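Peer 1: Letter by letter, the chains look like this.
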Amino acid sequence: MYELKPISDRVKRVREKYRNTKPKIDINRYRLVTEFYMNNPQLTGVLKRAKNLRNLFENMPILINEDEIIVGWQGASYRCCALYPETSFNWFMKELRTNNIRTRTADPYLLDEEDEKYLLETGDFWDKNSMSAIYDEYMPRYHRDHMCGNGVLFFGKKNNAQSPVGHFVANFWTATQKGFGAIAQEARDKMAQYEEEGLRDDTIFKYNFYRAVDIVSTGLIHWSKRYAAEAKRQADECTDPERKAELLEMADTLDWIMEHPCRNFHDAVQCIYLYQLAMCMDGQQHGISYGRVDQYLGRYYEQDLANGTITPEKAQEIMDLFYLKVAECNKIWSEGATKSGPGYTSGQLMTMGGVDKDGNDATNGVTYLMLQSAGRLLLHDPPQALRIHEGTPDELWEAAIETTKRCGGVPTFESDTVIIPAMMKRGIPLEDARNYCLHGCVEPGIGGYEWAQPGGTGTESYLNIVNAFLLAINNGTNPMRFPGAPEPEQTGPATGYLYNMESMDEVLAAVKEQFFFFCKWQCANINAWESIIGFHNPLPMVSATVEGCMDSGKDVMWGGAKYNSTGNSCIGIGNVADSLNIIDYLCFKTKKVSTREMYDAIMDNWEGHEELRQYINGQVPRLGNGDAEADKYMNFTAQTYADAINCRTGPRGRFSAGCYPVTCNVLFGYFTWATPDGRKFGEPLTDGISPVQGMDKHGPVSLLNSILNFDQSEYGNGTLCNMKFHPTALKGADGLMKLRTIMETYFEEGGMELQLNIIGSDTLRDAQKHPENYKDLVVRVAGFSAYFVEVFEDCQNDLIRRTELAL
Amino acid sequence: MSEEKVLTARLYDIQGFSVQDGPGIRTTAFLKGCPLHCPWCHSPESQAYYPQLSYIDMRCLGVEACDSRCIKACPHNAIELGGERLDAKTNEMLQTVHVKRDLCDNCFKCSEVCYPDALYRCGDDYTVDQLVARLLQDRRFFKRGGGVTISGGECLTQPAFVLEVLKRLKDEGINTAVDTTGFCKWEIIESIMPYTDLFLYDLKHMDSEKHKAVTGVPNEIILDNCRKIAENGGKMQIRIPVIPMFNDDEENIRKTAEFCVPLGDAVTVIQLLPYHNLGVTKYLRISDKPVMEATPPTDEFMEKLKAIMEEYGLPVTIH
Chain E
1 MYELKPISDR VKRVREKYRN TKPKIDINRY RLVTEFYMNN PQLTGVLKRA KNLRNLFENM
61 PILINEDEII VGWQGASYRC CALYPETSFN WFMKELRTNN IRTRTADPYL LDEEDEKYLL
121 ETGDFWDKNS MSAIYDEYMP RYHRDHMCGN GVLFFGKKNN AQSPVGHFVA NFWTATQKGF
181 GAIAQEARDK MAQYEEEGLR DDTIFKYNFY RAVDIVSTGL IHWSKRYAAE AKRQADECTD
241 PERKAELLEM ADTLDWIMEH PCRNFHDAVQ CIYLYQLAMC MDGQQHGISY GRVDQYLGRY
301 YEQDLANGTI TPEKAQEIMD LFYLKVAECN KIWSEGATKS GPGYTSGQLM TMGGVDKDGN
361 DATNGVTYLM LQSAGRLLLH DPPQALRIHE GTPDELWEAA IETTKRCGGV PTFESDTVII
421 PAMMKRGIPL EDARNYCLHG CVEPGIGGYE WAQPGGTGTE SYLNIVNAFL LAINNGTNPM
481 RFPGAPEPEQ TGPATGYLYN MESMDEVLAA VKEQFFFFCK WQCANINAWE SIIGFHNPLP
541 MVSATVEGCM DSGKDVMWGG AKYNSTGNSC IGIGNVADSL NIIDYLCFKT KKVSTREMYD
601 AIMDNWEGHE ELRQYINGQV PRLGNGDAEA DKYMNFTAQT YADAINCRTG PRGRFSAGCY
661 PVTCNVLFGY FTWATPDGRK FGEPLTDGIS PVQGMDKHGP VSLLNSILNF DQSEYGNGTL
721 CNMKFHPTAL KGADGLMKLR TIMETYFEEG GMELQLNIIG SDTLRDAQKH PENYKDLVVR
781 VAGFSAYFVE VFEDCQNDLI RRTELAL
Chain H
1 MSEEKVLTAR LYDIQGFSVQ DGPGIRTTAF LKGCPLHCPW CHSPESQAYY PQLSYIDMRC
61 LGVEACDSRC IKACPHNAIE LGGERLDAKT NEMLQTVHVK RDLCDNCFKC SEVCYPDALY
121 RCGDDYTVDQ LVARLLQDRR FFKRGGGVTI SGGECLTQPA FVLEVLKRLK DEGINTAVDT
181 TGFCKWEIIE SIMPYTDLFL YDLKHMDSEK HKAVTGVPNE IILDNCRKIA ENGGKMQIRI
241 PVIPMFNDDE ENIRKTAEFC VPLGDAVTVI QLLPYHNLGV TKYLRISDKP VMEATPPTDE
301 FMEKLKAIME EYGLPVTIH
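Protein chains in written order, with our numbering: chain E, 1 to 807; chain H, 1 to 319.
Derived by calculation from the structure, the hints in this document are not laboratory data. One or more of the hints may lead you astray.
Dumping the calculated DSSO-like pairs for lysine-lysine here, alpha-carbon to alpha-carbon at most 30 Å [claimed, not checked]:
#1 H:Lys72 / E:Lys731
#2 E:Lys520 / E:Lys357
#3 E:Lys206 / E:Lys225
#4 E:Lys12 / E:Lys244
#5 H:Lys306 / E:Lys731
#6 H:Lys282 / E:Lys697
#7 E:Lys592 / H:Lys72
Bear in mind the structure is a predicted one, so any value in this text is a computation, not a measurement.
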């Protein structure tokens with residue numbers, strides 16, 4: 001039986017502090033960046049970003065809290081939140097001016113009055129200096145003039161790109177084993193070589209890239225040494241001999257790491273944490289992930305155990321404190337965006353398990369340390385992803401299922417069987433494909449080797465294909481009407497109206513045309529954005545380690561990585577597939593309803609058509625129940641979107657289709673008109689690749705049979721399938737094995753990812769009523785887990801409505 | 001064209017991921033009709049052979065939403081306004097309906113117009129082809145001992161159909177289990193044995209008179225068939241529903257254990273199934289009659305019974 005080991009008192013204290021500290025806005029970073037930008041208009045591009053970061057390394061406050069072993073922070077107080085105005089800031093100023101920051105329902109923040117005053121005085125500077133403002137100027141003209149209000153793409157007339165480049169993974173092997181001293185030296189050597197050659201042609205760009213790498217690498221070393229000095233200072237003042245010795249050890253580590261290769265487990269954990277924090281501080285923590293933590297930490301742990309310089313208990317405590325440090329990271333999102341990722345999450349996903357480059361099981365001692373920390377600390381953050389393959393040990397299966405029973409969706413389960421071939425479809429050779437990890441939510445990529453840009457442009461990476469479907473049956477016009485707004489315009493191709501369509505083939509052809517049209521524009525916008533942001537906001541701190549950049553002299557944003565691609569994600573496969581199924585069944589196969597009647601029902605938002613809606617919800621064979629006729633539209637919808645995305649190329653490489661919603665399915669639902677699947681205007685869209693909520697009535701086997709109807713290896717940017725089991729379905733050791741069998745079968749048959757909530761809707765309803773009793777209840781929401789009581793109500797309801805799979 | 005009679009059976013449910021009905025992941029076909037009438041039965045809709053009107057008030061959208069279609073459709077005035085229920089989604093009270101059972105003749109006119117299936121027909125006929133095709137849909141999940149279970153009711157009251165289905169499943173290499181009360185002619189069990197990998201076999205009471213008084217049938221045939229399955233090389237999971245005040249006394253448990261010991265290897269495991277009252281609401285779906293309700297046995301009590309049976313060297317689990 002898998003057991004959770006007792007937690008040390010120190011860890012208990014830190015966890016308590018974490019759960020009881022309300023996040024607060026800290027303006028240290030904001031102030032430094034704003035002043036730097038105001039004072040340095042002469043700097044642009046990579047040098048501006050490098051010097052901006054070095055300025056932070058040199059001047060950010062240094063904070064070492066009581067009880068900490070792993071240190072580093074982006075502000076002056078515990079669990080505070082830094083601000084990143086360079087990306088976009090007018091949303092923040094708007095919320096600040098309406099006094100919404102402190103009072104909003106989801107993820108409110110504390111803010112000191114004095115800081116507020118400074119923000120109000122300076123914030124408007126960013127109106128014309130943020131990345132978002134810059135992109136708005138460069139947006140393709142046709143899109144700006146003719147496509148607004150389409151509802152399919154997130155790109156609009158202005159205020160685009162409120163999220164930065166995110167969802168990436170640096171190379172932590174290089175960071176721990178090589179060190180930034182050697183990297184900076186390499187950069188300086190390259191510069192000397194270019195100078196020697198006379199900076200011929202346009203090598204000045206590469207020269208400046210190396211210069212930037214040198215600046216940020218030496219800056220990072222400096223930052224670490226500042227922490228070392230603080231640890232030493234605290235040690236000098238410390239009267240407790242045990243803590244004093246610990247602080248001295250920390251000082252020794254902090255003084256050594258970053259510059260030199262790590263010597264032991266403690267060094268390595270501190271090194272990856274500080275490096276990651278540096279990238280967060282530079283690029284805004286937007287799904288920046290940790291990659292295969294057990295793989296790059298394993299060697300240090302095993303070596304220390306063999307030397308007798310560490311005990312499993314000590315290593316576990318370091319791991320716990322490291323996890324709590326990552327959990328402490330949070331960033332403020334706009335209130336609207338909070339609806340896509342609620343619960344103070346920063347999405348620093350960690351991957352464990354899987355195979356090594358030769359295909360052998362790669363589980364090691366650190367894999368178990370990770371699961372212990374996640375399980376016993378009941379943390380929703382950092383998210384954990386477990387790679388499953390044929391040789392995954394029984395012990396690891398058991399540990400993982402027991403963890404997810406306690407902590408919803410921790411870890412998620414990822415299939416090597418499907419993902420490795422999906423990576424190879426992107427042109428990555430087998431050996432490297434085996435080294436994939438998960439980025440951000442569920443997106444696979446070769447962390448440290450590939451610039452997969454799986455999160456693409458953040459929110460703008462999402463495509464609402466339900467609206468593309470609605471345009472297909474409404475002559476290219478979104479039927480959404482806001483009260484008082486002008487009549488909606490035609491934004492997509494004129495594919496005709498449903499009531500004039502005489503066969504299912506006509507309907508499908510119209511859908512296909514809209515999908516291809518909008519995917520083309522989606523990629524066009526992303527390409528424009530990538531090129532602009534690549535110039536203004538490159539990422540030399542990441543590029544310092546990612547394989548390929550130092551050889552090519554190119555930033556990751558310029559295509560310097562060994563492998564390149566750009567990810568995309570759609571929302572609403574289930575709604576589109578079921579809507580097609582229902583139109584086919586009612587209008588063409590059984591002819592029970594005319595296409596006119598169906599069209600009117602949708603345009604009327606079902607008002608006056610309640611009987612038909614009830615009939616559709618109760619009597620029509622629905623997607624997700626093993627009905628082959630209904631399920632074939634799953635394949636059509638998923639494959640059509642994948643084809644329309646995968647055929648396109650970006651500035652660095654190919655596009656890659658995905659389907660994971662964060663909670664955009666709820667958010668997008670607010671702005672999506674009624675659909676033939678009985679959904680009314682405003683109701684959530686489907687979650688991930690799942691069927692319409694509550695419409696899969698025949699249990700997990702029929703559900704997965706339906707989902708397995710499409711080829712997930714076409715979804716190189718990841719798929720997401722949430723399953724909610726009632727605890728009674730998994731009673732006893734036997735229940736565990738049955739759950740494992742379900743997952744193994746799904747993976748063997750082509751399923752990519754599964755995430756489980758083993759909790760009853762009854763419990764969730766009770767938690768809504770009595771949040772005080774469920775403070776630690778962790779549930780998997782979408783691409784991340786969250787404390788249930790901290791997510792907004794519509795999202796809670798969406799979780800409850802998800803079909804509960806039990807007896 | 002010659003009219004060949006097609007073999008059919010009446011089912012009341014087919015359930016995938018049926019984790020309580022044998023090893024591994026199974027899909028279970030539940031056949032309708034049972035010669036026993038156990039008052040604790042958690043599937044009361046399984047007892048009658050004929051199709052029944054069933055009603056789940058939680059599914060009712062309220063008469064306002066559907067314009068009382070069911071009430072209007074009923075030719076016998078058997079549907080009247082019933083209680084109200086709280087709709088969890090909207091937090092509004094909905095006016096539901098009630099079936100006057102004495103007036104209902106199961107004509108299903110109401111269920112035909114009840115789109116959310118609050119009123120529904122319980123009991124549909126399947127051909128062998130239809131059922132086998134449905135069961136095979138799930139086959140890729142039948143790993144680690146999983147497969148198909150034929151259950152009931154008492155499925156062996158429709159023996160020709162069951163035999164045919166089992167044969168077809170074995171042709172496909174599917175693991176098969178038959179969940180039975182054992183109350184049937186030995187010849188029937190004998191005929192299906194070659195195609196049955198496992199019996200889920202209920203033992204309810206060792207005293208025939210008490211057995212008859214409560215379930216409606218004596219136990220001699222049941223015990224006899226059980227022994228014969230063992231003698232003929234069959235495998236059984238023995239299932240004992242632990243019913244308060246009926247069969248949960250130490251004497252009966254010991255006698256059951258003594259009966260099981262000579263069955264030897266034929267018994268793969270003995271499952272003690274503690275009585276639960278989750279079936280009570282299911283009775284309300286098909287009837288207004290009062291039903292047995294008792295306090296479920298405690299975990300400690302179940303452990304005690306388990307320990308008693310283990311004294312006999314038997315493999316026992318609490319299910």
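Peer 1: Determine which of the earlier numbered hints do not hold for this structure and return their numbers in increasing order.
Peer 2: Numbers 1, 2, in rising order.
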